[in-house]
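Top to bottom, those sequences are chains A and B. With the first letter of the first sequence counted as 1, position 127 gets the number 127 in my numbering; the numbers rise by one all the way through. Each number in my numbering corresponds to the 1-based position in the second sequence with 1000 added.
Any given hint could be a false lead.
Claimed, not checked - Covered stretches of chain A (in silico footprint by chain B; criterion: 3 or more residues with CB under 8 Å from a CB of chain B, positions within the stretch not fixed):
#1 18-27
#2 34-46
#3 142-151
By construction, these hints were calculated from the structure, which means they are not laboratory data. Source: prediction; values computed, not measured. A virtual CB, placed ideally from N, CA and C, is assigned to each residue, including glycine.
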Amino acid sequence: MMMNKWLVLFSKEWMELVRSYKLLWVPLVFILYGAMQPVTTYFLPDILANAGNLPEGAVISIPLPTAEEVMATTLQQFGTIGLLIVALSVMGGISAERTSGVTAIILVKPISHFAYVSAKWSAMLVLILIAFAGGFGAAWYYTAALFKNVDWHSSLLAFLLFALWLGFVGSLTLLFSALLRSGAAAAACALGIAAALALTASAFPKALAASPGMLPQAAAERFAATATASAAGAIANPWLPAATALLAMAAVLAIAAWAVRRRPTLD
Amino acid sequence: MDLTNSQIMTIILPIAFIQLALTITALVVCARAEQTRGPKWMWVLIILLVNIIGAVLFFIFGRRQD
């Protein structure tokens, strides 16, 4: 019975993803950015040579990066543009429905606030997973075609760690969407916290070894690890930040459900 | 490794195709929308002229949700 209600809510969220075209454009944009990173890296010398504003006879020699380095820079790309798109597509999740009164209509029925929030959260996670799998897959395919095959073991681990980071920031956006009135403010808060976490984690890697901000770094290090095995000692333990991120996501869900319960409508 | 022209095409074509799909979807959604936030011709220009981001901007900010 409980499960049935939850599935109804989930399919409502899924319909919403289809009708707002998010299920189409979010994966497409991820795939485009994932594919373009290795391709532009590969053709960079040609692009520069054809740019036209170089003096006659200028010789450009850019060392071609290794396949692992290409994958690491692709992750960086997803860390900026990918995060932005995740936050922007999730930002209205609760605040818009609350303003329009949909939340109040739904919660009049005997449905728990937690089910309402968690259905939204699950639909968001599925969307992020589909989009990031497409983008990461495109990057992986083009890197293998143009550079070299990247070890799939470390790729899979990097994929999971980075997907967790995207999901974590998406959850933060959903939380602020439940706490704040404006969707734009929710996206700004979530992105601000994500940037602060990533910055502090890279500044103090020892003290903040368990911070979720370590996740993007830990994911990129999966590729560094195979490139230079000698640096293996310096590589952070990825399980600690992963566990913290999962705990934080559970807490975020609980707080968001509480916020929706306290104020189902605005005004 | 040096690539022949046809090899370069097999690399570029899928990317160009996906980009085209994104642009066309955005244009169709824009054309079929009853109302957009701001004038429609402005959104058409943004979608066509701003690479990738233009379509994203339209999907996020251009549509009115009722």
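Do the hints match the structure? See the list:
Coverage of the segment 18-27 of chain A by chain B holds in this model, with 5 residues showing a Cβ closer than 8 Å to a Cβ of that chain against a need of three. For a cut-off of 8 Å, the count of residues in the segment 34-46 of chain A with a CB near a CB of chain B stands at 3, and the three-residue condition holds. For the segment 142-151 of chain A, the stated coverage by chain B holds: 3 residues have a C-beta nearer than 8 Å to a C-beta of that chain, and at least 3 were required.
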